[in-house]
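S.K.: Under this note's numbering, the first residue of the sequence shown is numbered 30, with each subsequent residue one higher.
Since the hints were made in silico from the structure, they are not lab data.
Please note that the accuracy of each hint is not assured.
[Claimed, not checked] In silico SDA-like cross-links for lysine to any residue, where the CA-CA straight-line distance does not exceed 25 Å:
(1) Lys217 to Thr144
(2) Lys34 to Ala248
(3) Lys217 to Tyr237
(4) Lys217 to Asp359
(5) Lys152 to Leu348
(6) Lys152 to Asp413
(7) Lys217 to Gln140
(8) Lys217 to Leu195
(9) Lys34 to Lys217
(10) Lys217 to Leu199
(11) Lys217 to Ser130
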Amino acid sequence: MTELKLPSLDYAALAPIMIMLGTALLGVLVEAFVPRRSRHVVQLTLALLAVLAALTMVVLNADDRLVTAGQSIAVDGPTLFLQGAILVLAAMALLLIGDRSVERGGAFVAQAAVTAESADDRKQAEGRNGLTEVYPLVTFAIGGMLIFVAANDLLTMFIALEVFSLPLYLLCALARRRRLLSQEAAMKYFLLGAYASAFFLFGVALIYGFTAGVPGRSAGVDFATVNAAVSESPASPVLLFAGMALLAIGLLFKAAAAPFHVWTPDVYQGAPTPVTGFMAACTKVAAFGALLRVFHVAFEGGGWDFTPVLGAVAVLTMLVGAVLAVTQTDIKRLLAYSSIANAGYLLVGVLAPSRDGLTGTMFYLVAYGFSVLAAFAVVTLVRDADGEATHLSRWAGLGQRSPFYAGLFTFILLAFAGIPLTSGFTSKFAVFGPAWESGHVWLVVAGVLTSMVLAFPYLRVVVMMWLSEPGESTPTVTVPGGLTSAALMVGVLATLALGVAPGPLLDLATGAAEFVR
């Protein structure tokens with residue numbers, strides 16, 4: 030009889046993940062046992078404390094370089110850096126999610142089961158307190174993201190993908206206003222996400238079959254086995270290429286890269302704006318963290334095979350994001366296409382086969398996360414009696430109505446455009462430089478040209494805010510509460526600091542830019 034040997038667990042290394050998932054389960058119990066009037070404060074406090082505790086453990090684990098949990102979780106420099114980034118950005122997103130002063134009752138529907146556009150729906154939109162179930166959903170999603178960037182085998186990565194995706198599908202459907210648009214966005218995201226997950230899982234099966242032919246090794250989907258199979262397996266490379274393609278589809282879908290980007294504008298527009306910010310910042314960090322680990326660790330020996338294909342995807346993504354951003358008339362859809370273009374720039378960093386490329390990509394993810402959360406924080410403030418005024422024509426003359434917040438949004442848009450002394454310029458330089466040195470000149474040229482095109486829609490919004498006269502339809506800017514103000518100020522100051530003095534974060538990313546293999 031074979032003795033069952035349990036895998037060893039390094040609980041300190043796993044602590045950030047365990048804290049977030051444990052808090053999510055505790056949040057479910059809060060929903061069951063804490064009185065309704067107290068749940069919002071309890072849930073928000075619990076979620077923020079969990080993020081702070083998890084971040085503390087990430088800092089304490091800073092020197093760890095190990096593989097644990099049966100070789101399924103790798104705790105190394107990129108893992109800890111990206112986990113820290115996810116937690117910091119998630120804390121900002123939780124501040125936006127928890128604010129109930131910008132809109133009475135918050136951004137979320139008071140009762141999810143109420144029929145959209147009904148009398149009950151209109152009644153709940155007038156100020157009943159929103160659902161507090163969003164907090165366990167958000168903490169589950171954060172926990173899944175922490176696993177996703179640390180996964181050392183493809184099955185663990187797939188499980189983490191589902192753990193953070195399923196809560197996001199639900200969160201997208203919970204907007205207080207424009208319920209039909211929100212529910213449509215969630216349904217599109219869910220259906221396309223299910224297809225992407227199926228592609229990913231089919232890719233895992235093909236990769237498993239490819240590893241079965243390695244002499245002296247048993248088949249597996251852990252990254253060490255896959256890496257050895259790429260260079261040693263006598264099996265047909267067709268299995269490898271097909272498996273890589275299907276895995277890439279699943280990951281590029283989450284990264285919002287073309288042609289797997291079609292969900293992004295609709296979901297960004299329909300989801301509650303705090304959730305949109307959470308996805309734009311944290312989901313992008315998680316998706317690119319997984320892409321970096323898969324292609325820099327598992328498929329490291331196949332760089333000649335996947336670089337041209339992913340390079341073409343990067344160019345297409347930059348082109349689609351930049352060109353279609355020009356045609357947008359809704360600020361949330363404009364930021365969605367901006368996110369797509371930025372996914373293309375990040376892919377340039379992923380394809381730079383050097384430590385500097387990894388450093389630049391991780392820096393870009395953090396810098397973009399701060400900026401995009403600040404942008405969506407401003408979007409939540411521009412509103413009228415019907416809620417957020419997201420049509421661009423409504424923003425005309427906003428600079429005269431509220432010069433302070435128009436000025437902050439102008440600064441953020443200039444950062445997106447890559448103007449010097451902002452984090453956007455430093456970020457692009459951090460990914461384009463290593464790509465140029467690696468010989469990927471065509472990617473850098475495409476990145477620079479599309480950045481010039483993408484600057485137009487940003488500058489058009491700036492001109493509209495400052496050089497147009499406010500009309501009767503120009504909305505007011507709501508005075509933000511403390512939570513939204515804190516998130517906005519952190520985002521703006523980080524955007525400025527990472528443009529003026531990026532050295533400390535770049536040094537931190539450089540020190541973390543080495544995978545455990």
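S.K.: Taking the hints in turn, state whether each one holds.
M.R.: These are the hints, each one checked on the structure:
1. Lys217 to Thr144: holds, 19 Å
2. Lys34 to Ala248: holds, 19 Å
3. Lys217 to Tyr237: Not satisfied, since the Cα-Cα distance of roughly 30 Å exceeds 25 Å.
4. Lys217 to Asp359: holds, 19 Å
5. Lys152 to Leu348: Distance of about 44 Å is beyond 25 Å: violated.
6. Lys152 to Asp413: holds, 17 Å
7. Lys217 to Gln140: holds, 21 Å
8. Lys217 to Leu195: At roughly 13 Å apart (the allowed maximum being 25 Å), Leu195 and Lys217 satisfy the hint.
9. Lys34 to Lys217: violated, 43 Å
10. Lys217 to Leu199: It holds: about 12 Å lies between the C-alpha atoms, which stays within 25 Å.
11. Lys217 to Ser130: violated, 30 Å
Of the numbered hints listed earlier, those contradicted by the structure are 3, 5, 9, 11.
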